[in-house]
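A.B. asks: Chain by chain, the residues:
Protein chains: 2
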Amino acid sequence: MSDTKILPLNDSLAEITAPPAATRAEPSKASLHDEVLARLRDYIVEGNLSDGARIPERELCTQFGVSRTPLREALKVLASEGLVDLLPNRGARVRALRAEDYKELFDVMGGLEALAGRLACESMSQAQYAEIEALHHEMYGFYLRRDLHEYFRSNQEIHQKIVDAAGNRALTGMYATVAGQIRRLRYAANLDAKRDRWAEAVREHEAILDALRRRAGAELSDILFKHLRNKQIAARESVSE
Amino acid sequence: MSDTKILPLNDSLAEITAPPAATRAEPSKASLHDEVLARLRDYIVEGNLSDGARIPERELCTQFGVSRTPLREALKVLASEGLVDLLPNRGARVRALRAEDYKELFDVMGGLEALAGRLACESMSQAQYAEIEALHHEMYGFYLRRDLHEYFRSNQEIHQKIVDAAGNRALTGMYATVAGQIRRLRYAANLDAKRDRWAEAVREHEAILDALRRRAGAELSDILFKHLRNKQIAARESVSE
DNA sequence: AAAGCTAATTTTGCATTCAATTATAAATGG
DNA sequence: CCATTTATAATTGAATGCAAAATTAGCTTT
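So the sequences go chain by chain: C and U. The first sequence begins at 824 in our numbering and counts up one residue at a time. The second sequence begins at 824 in our numbering and counts up one residue at a time.
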């Protein structure tokens, strides 16, 4: 194994090297640790590494062009976020989530969105509501035109806007962490296979908007949790096919 | 072994050095990083360091008898948990939480407990319910006897048992993190100053138990969130005195 | 030739070292 | 005497070095 010249890279890791130039343009903005952390997290969240794949330190160091110290710090943080497993003396692996784990994460996401809805009802400004309402109508348009991709995007944006409207940074951070873990599962990919579920999801979103408008916190909380539960069930069915 | 002679310690940090011998007896159990992480987290959570206190690396290293590498790793993780702030080139400080931050954390805790209650209703065994019911009666006894300390302990145990009964490890972990951040505020310390609130809290716990028995998930979810809200209000009032 | 054992290589965990930034002290000028 | 500047010390961020553990390769023994 010749390690003096650039090695033939593991395919799955090849792209890590690509983006640094752009990030490097702004050189001393963040610490090396933060940069490595953000990039590695994105890379894992975006699903570029297969479940359980080994993450050899030395290789990643050459990819990122840093020493082992900041990389190891980033790995510890990612482990605490649940994205990687750290095996003693055996290195880091991308955490392999089983169906059971996804079920748990979905439920937590549902709980966090339920909370977000409740808080949004309490503190949301009229402008924030109007923004969500506009997004809802936009999303409905995509539904009518059967534009799944844009539907999905605006759907996600609505959910994020509700979380933002809660105005709770601790919640926002946790939501991002959980959403990141789940994102590795492209759960709604073949929602179109289930036309029934799509229509149902739209109806649920109408109920969400209605409760938001009436600022009915407890009710919205319940609707949002159940909405996420239905999403989860649909995801499980579509995966098992 | 490593610390043959004991250095002059900073007063506020002196106790950190105490427990290592016991932990050291079992040498290769955990990595140095994990040990330092756990001990430093406990130390901060238990409120031994004042808000905003500087955490000089070198000093802590001598306290723990480790080099800067594992300590810095632990600090990065604690920063991601929100327990410390990391100022670039300026070291770590115990994160100073303002009233606003506590309000946010309380709401998140309420949201997580609301979720826990809902999930517990779905999956809890009869034995688990019985255990909670027993704890509830025990707690009621402490209330009648005005034993605030034991009341508080069993109260906390009930809430933890509900979270455990949810059977969701992701939730359990997040709950622990949030509870840790809040624990630095001894919020219920002078609950006894408010006899009204104490009676009210007990009544709320009766409603919690009732909803649990009926496995009324959505209802319990709502009750638990509001219970935490009331706790929060009581805490704020008692602090402002 | 396969299974088991031993030696070499690699990889990890942690300590140490070095450079860069910040804090502190001294000195100079107004 | 105080403010500003300069020099020194301390602290942080990151790279390198080293010992222990683990993985791999090679060898022995059937």
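Because the hints were derived from the structure by calculation, they are not lab data. Hints may be right or wrong, so weigh each one.
Given that identical chains are not distinguished, each listed pair holds provided it fits within a single copy or across any two copies.
Here are the simulated EDC-like pairs of lysine to aspartate or glutamate, each with C-alpha atoms no more than 20 Å apart in a straight line [claimed, not checked]:
| id | residue 1 | residue 2 |
| --- | --- | --- |
| 1 | K926 | E882 |
| 2 | K926 | E945 |
| 3 | K926 | D987 |
| 4 | K984 | E1042 |
A.B. asks: Now look at each hint and say whether the structure bears it out.
C.D. replies: Now the hints, each set against the structure:
In this homomeric assembly, K926 and E882 never come within 20 Å of each other (Cα to Cα): the closest approach is 33 Å inside a single copy and 44 Å across copies. In the homo-oligomer, the alpha carbons of K926 and E945 lie at most 20 Å apart only across protomers (14 Å), although the nearest pairing inside one protomer, at 29 Å, exceeds that limit. Taking identical chains as interchangeable, the C-alpha atoms of K926 and D987 lie at most 20 Å apart only when they sit on different chains, with a minimum of 16 Å there against 24 Å within one chain. In this assembly of identical chains, the alpha carbons of K984 and E1042 lie at most 20 Å apart only when taken from the same copy (18 Å versus 26 Å across copies).
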